[in-house]
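*Asks:* Below are the chains, spelled out letter by letter.
4 protein chains.
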Amino acid sequence: MTFRIAILGASGYTGAELVRLIATHPQMEIAALSADRKAGMEMAAVFPFLRHLDLPKLVKIDEVDFSRIDLCFCALPHATSQEVIAKLPRDLKIVDLSADFRLRDPAEYQKWYGQPHAAVELQKEAVYGLTEFYRDEIRKGRLIAGTGCNAATGQYALRPLIAAGVIDLDDIVIDLKAGVSGAGRSLKENLLHAELSGGTHSYSAGGKHRHLGEFDQEFSKLAGREVRVQFTPHLLPMNRGILATVYVKGDPAAVHRALEAAYAQETFLQVLPFGALPSTRDVAGSNYCHIGVTGDRIPGRAVVIAVLDNLTKGSSGQALQNANLTLGIEETTGLMLAPLFP
Amino acid sequence: MTFRIAILGASGYTGAELVRLIATHPQMEIAALSADRKAGMEMAAVFPFLRHLDLPKLVKIDEVDFSRIDLCFCALPHATSQEVIAKLPRDLKIVDLSADFRLRDPAEYQKWYGQPHAAVELQKEAVYGLTEFYRDEIRKGRLIAGTGCNAATGQYALRPLIAAGVIDLDDIVIDLKAGVSGAGRSLKENLLHAELSGGTHSYSAGGKHRHLGEFDQEFSKLAGREVRVQFTPHLLPMNRGILATVYVKGDPAAVHRALEAAYAQETFLQVLPFGALPSTRDVAGSNYCHIGVTGDRIPGRAVVIAVLDNLTKGSSGQALQNANLTLGIEETTGLMLAPLFP
Amino acid sequence: MTFRIAILGASGYTGAELVRLIATHPQMEIAALSADRKAGMEMAAVFPFLRHLDLPKLVKIDEVDFSRIDLCFCALPHATSQEVIAKLPRDLKIVDLSADFRLRDPAEYQKWYGQPHAAVELQKEAVYGLTEFYRDEIRKGRLIAGTGCNAATGQYALRPLIAAGVIDLDDIVIDLKAGVSGAGRSLKENLLHAELSGGTHSYSAGGKHRHLGEFDQEFSKLAGREVRVQFTPHLLPMNRGILATVYVKGDPAAVHRALEAAYAQETFLQVLPFGALPSTRDVAGSNYCHIGVTGDRIPGRAVVIAVLDNLTKGSSGQALQNANLTLGIEETTGLMLAPLFP
Amino acid sequence: MTFRIAILGASGYTGAELVRLIATHPQMEIAALSADRKAGMEMAAVFPFLRHLDLPKLVKIDEVDFSRIDLCFCALPHATSQEVIAKLPRDLKIVDLSADFRLRDPAEYQKWYGQPHAAVELQKEAVYGLTEFYRDEIRKGRLIAGTGCNAATGQYALRPLIAAGVIDLDDIVIDLKAGVSGAGRSLKENLLHAELSGGTHSYSAGGKHRHLGEFDQEFSKLAGREVRVQFTPHLLPMNRGILATVYVKGDPAAVHRALEAAYAQETFLQVLPFGALPSTRDVAGSNYCHIGVTGDRIPGRAVVIAVLDNLTKGSSGQALQNANLTLGIEETTGLMLAPLFP
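Chains as they are written, first to last, in the working numbering: chain H, 205 to 546; chain S, 205 to 546; chain W, 205 to 546; chain D, 205 to 546.
Please note: incorrect hints may appear among the correct ones.
Identical copies carry no separate label here, and so any pair may be met within one copy or between two of them.
Here are the simulated BS3-like pairs of lysine-lysine, each with C-alpha atoms no more than 27 Å apart in a straight line [said to hold, decoys possible]: (1) Lys-264 to Lys-392; (2) Lys-392 to Lys-242; (3) Lys-412 to Lys-453; (4) Lys-328 to Lys-412; (5) Lys-315 to Lys-453; (6) Lys-328 to Lys-425.
No lab work stands behind these hints: they were computed from the structure. Bear in mind that the values here come from a model prediction, so they are computed numbers and not experimental data.
With the hints as constraints, model all of the structure from the sequences given.
*Replies:* This is the structure in structure tokens:
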């Protein structure tokens, strides 16, 4: 069976990444693509790298006939997404890539995103889309909320450690290095090649980054108590990739064992041998996440390093994995592409 | 049916690219991988980006049981390749990625490569692997010689123009811009990130680049007279991609028409609308070649710009396309991956 | 004596580059900096790399007291520049970095820039600022028009050849590779790091680039007949640097001799030994231009390759060199900085 | 007065950076350049970006007439440096850029560098070259040991905090991001452009990096008790620059005040306003170090971020600053170059 797919917000990077992945998916057909300002254009004009594909023209959202769509990906900006999804048919399966349905608590949403949520009822219904930890809910879910790309990386490193009780919950530091595509196709001075290439800087330091809302929600729920991590992201002169260096207090061997045990059966989550250090280059363009663990000369400390591609495993790959689950397709379909190196 | 594949020289970039592509090929199985100096290592240790694959360990060439191999890719250095292939079984299908069997004439080989050919008999048997122009020969061939990556790019831009007689054969300039992976995984100062990034320079200028041997052979054969092009390559601070800017004298509209007509049925060779200019980014990691044509304010001149990924369409993708043909598999199998952008 | 300097348009890259260079100039003091939209800000907030300098706050142009200024650099956008300069005191020395006063003929200006010139009288008065060829005029001039960065590169390669009569004037091809800072600090999708890094493409191909107006004017004047070159620029994933590969018909040795003779006494124009090929990396951040010459296997053809830093020798360094001349300061003052490598 | 300078090991990046800086130094003259394997070559052949300078030819060390040298920079590899310096005249002023004389304790040297020190007497005599903290010793010193570039960055962030007693000494994490030129001009696969660009990874994680020896020595001495920091370096796809993100426990305002107070009179150490975050781009090619401080949402935690250029302030710029001091020249001479941006 072939499922008919719509992608709303197809003119951004996550939208284009969805098209790239679905292009070789044997059970999905792209039936509609929307892009508000670029409605009327061919996808090939917006993204010439997709010109070999036979794709529908970009349209406005209200031109899409959702009665003929089996699943809709929403790759719209935050805040817009909740408004659009509120108007879609209530029986349409939706995988949302925005931040709008990640947080369960409306107060937390308002705290991190600076405005009240406009679709509180849907927020309750939504399932948090960190695939490996919410499989059952995603299979049964109708509205799947994609996670933040940084939030996914940090959670892959930390959830098994919190669950296994092998680290001090009051002293977790996530120092994160991110490629620029995570910022989207937005026109900002600091995203220009002339300003970004050849250097690095930190941003949203000091506990201001919005993905902290996800860390707080998920880690506290998992631990059964409030957990607050310290999180400092840095922007790197590279297009794809996130590397999270996570500093924890606990026995390094126990940390490594907890990760190996948790991910032994996972296709995409690969725990390296103890002491091996991962590289973002080794997962670029793929749905894989590599995780390495090492100790420190100071006893009782461990460093966990997780890498993934923010556009694939961190957003569009995750979204496709979740779409497979909710449509009853084998979970890894369309996602077995090897990384691109060099 | 699944064909059993060997890759000799699997520790270089073209070898790894072959593995990447074959990883999702439904009718091929990697049965042997060789790498002389790294024999005994796991492929995952040499190329961690391939660690999710279940691959045979790297061995020395003489450890490979060729009786159980259906097709062998040779991704060995120039000169080594001819020695190795001379010792392989005479009924083994071989796709060679080196320069050793590209030139028909032993004298030309010696002129460009500085030494006599060590397997002249095989040289005669070899088929030139520019797929779209040698399909029948490749289908029937046993030893397919992969083309130079620059040579492929220039030929895709020029062959239809020479065949159609729409350009002046005595005044062709190919100004080529190439990414660094074409130089292989070799330890040279000028290939270091600190030396290469952030700048550009020309190399082998003045008619010294070895791929001229292929241009001479192919263009002269096609034209039925001697054709000598001017060719200046430049090294760019990027990993993948070749852009050839080809200056010709002829009617731009006729040039465009000749290319459109020649490639109308080709899956991988895409001629852009007149005036549209291609980008290497739009073919990265894929087997596509985009070709654009524009005129000039000076009447009677045209510029043809062709782009491809040197590791894919320029070498390993081409090799796989040829392997498909010679094994009787549908030509595009395993090659329909969309480019990676950004 | 210390001269008081104003820089109009100080929030762009050429403005900032002027500040960088003047920072170590022993006879200049920055007395005023303007930036329309950023008026009121500290320069350190706009360009933190200049925070160690004691600089005047950014103001609007009409807040500058020009009676206390000895020389004014205009680093304003094209078209704006002519309007602003028309209102400045008629005895103020001005070095303009825009395109507004490069072309002598108002018809040519209108042809290339798409609108009539708004200060035709000033246009007549302006001196073309290609320092090494207009020294006397610049020394005596009041309004110096900085050249296009591409136009400068091409002229350094070609002027001595045209003057010496050693090349065919009807068959000149300039294939140019440019870094992205030449496009300024403008917010365009194709200038984003995610879109530009890792690839290359051509732009304004086919005789459409505005710097052709300068080539036409200067080469025709020099040759005493109409000269029309073919010019194709490419955008490269690097911040600074231009490399012009110039294809000419003529004796390579004569070409090299003509360049060596012309530049023997020039501090900043360095002709490499015959056959040596220059790199943009070797001039980054400096006022030097390196020029290499090689022949081709086809007799009677030569390739001249010139490299310079578009922000230094191609614009702000040239502007400072011209300012030195017109103020009676030693020409190289403040410009002897070595390039930055790696 | 002009001092006659020798640079041993002039064919590496720190050697070339010394030449770049001294090129505009009004009181120094480069009298000798050595490079063992490249002896006999012109510096312009090894580093074409220096071709405009009139430099002595590269020679072997024993060809240098040290009786005519006022100060000698040693930019030799670790271990080689101690052997060479042991043979130099005992009254020659030496600024060493290697690791050989950084550690006071021979046992510590052996622990971190894996072999006994071959010049223990000289080791005692050496002065640790962190200029701002050892000015008096450097002025009087004969043998100045340049610090590690990472070690300098971390110390600029931390020394005032340790001295002021405003942080918990038992819980300091330094997460460091470094450009590739710090690895020198060495031919290693992971330093190739094809392998390094576009991604990031950690190295020497887990307390294995040799610069920890300097942290241990200096922080413990300063605190009057043993201090052990946790230190994880990462390699970034950029040529120059180090960014150290330092996680400390203490009052953020007190941390900021301690840094401001300590560096109020320092030309090159610039403390940003509280909350401002530095970028490596803003110090590239210069001797400046920018330091930012922010708090965290978790009370009692602060993040200190320090950036510098590893080749300038991190090695050759520091070396020149120290040379100025020991020669009695004004400390900032030749070092006031503005950074290069973009």
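*Asks:* For each hint, tell me whether it holds in the structure or not.
*Replies:* Hints, verified against the model:
| no. | hint | result |
| --- | --- | --- |
| 1 | Lys-264 to Lys-392 | both (25 Å within a copy, 23 Å between copies) |
| 2 | Lys-392 to Lys-242 | both (19 Å within a copy, 16 Å between copies) |
| 3 | Lys-412 to Lys-453 | both (23 Å within a copy, 18 Å between copies) |
| 4 | Lys-328 to Lys-412 | within (25 Å within a copy, 48 Å between copies) |
| 5 | Lys-315 to Lys-453 | between (29 Å within a copy, 26 Å between copies) |
| 6 | Lys-328 to Lys-425 | within (16 Å within a copy, 57 Å between copies) |
This entry satisfies every hint, going by the numbered hints stated previously.
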